[in-house]
Amino acid sequence: KNEVEQSPQNLTAQEGEFITINCSYSVGISALHWLQQHPGGGIVSLFMLSSGKKKHGRLIATINIQEKHSSLHITASHPRDSAVYICAVRSEDFGNEKLTFGTGTRLTIIP
Amino acid sequence: GAVVSQHPSRVICKSGTSVKIECRSLDFQATTMFWYRQFPKQSLMLMATSNEGSKATYEQGVEKDKFLINHASLTLSTLTVTSAHPEDSSFYICSAPVQGWVTEAFFGQGTRLTVV
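Protein chains in written order, with the working numbering: chain P, 1 to 111; chain A, 1 to 116.
Hints listed in this document are in silico derivations from the structure and should not be mistaken for laboratory results.
Derived DSS-like pairs: lysine-lysine, alpha-carbon spacing no greater than 27 angstroms straight-line:
(1) K41/A / K98/P
(2) K41/A / K68/P
(3) K64/A / K98/P
The whole structure should be built from the sequences, with the hints applied where relevant.
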């Protein structure tokens, strides 16, 4: 079993739909990242969370530390949101900067 | 925000040759950089941790003599794929943590290597 599990693996939705991508992890963490990878391969960090909820534009990320679960929501989805979304966690061990990655969720938004 | 620049973005090389990939932190000092490999439709796999001024730490199963890492300055880490083979064709990406109150992660643009 992977330390970081994402669901769904693939998601296709119509433009305008509300999107939810889930991430569950099994280890103690100091932070969780949501990353976006476009078809060209470049990776952009969307959020870094250690508790609660963050919002940036149409994107919302939440985390529940007790349940070891995080969600990424996209409101009013648009074709340009089509990308692979990756959840990554940072170990709670002090000084350990390594990230453990989920397998990603491939999101396709149809116009 | 912090910027990590990776070069080249694409490279095609012949079997048996070596390829060098550079990763630069443009507006911050990076004592640590991470090198990842990504196969099609798979997630990132950590290959090694590059440490400025000391030897890199390789993950299990990664050949250190094949994937040479040099981190000679606080702003530059390089990954050299030596004696490349077609199975080394992959997407390579670097990342640098930015340490502050919390530690952020910034990624290079990635390098798509094709060995023919």
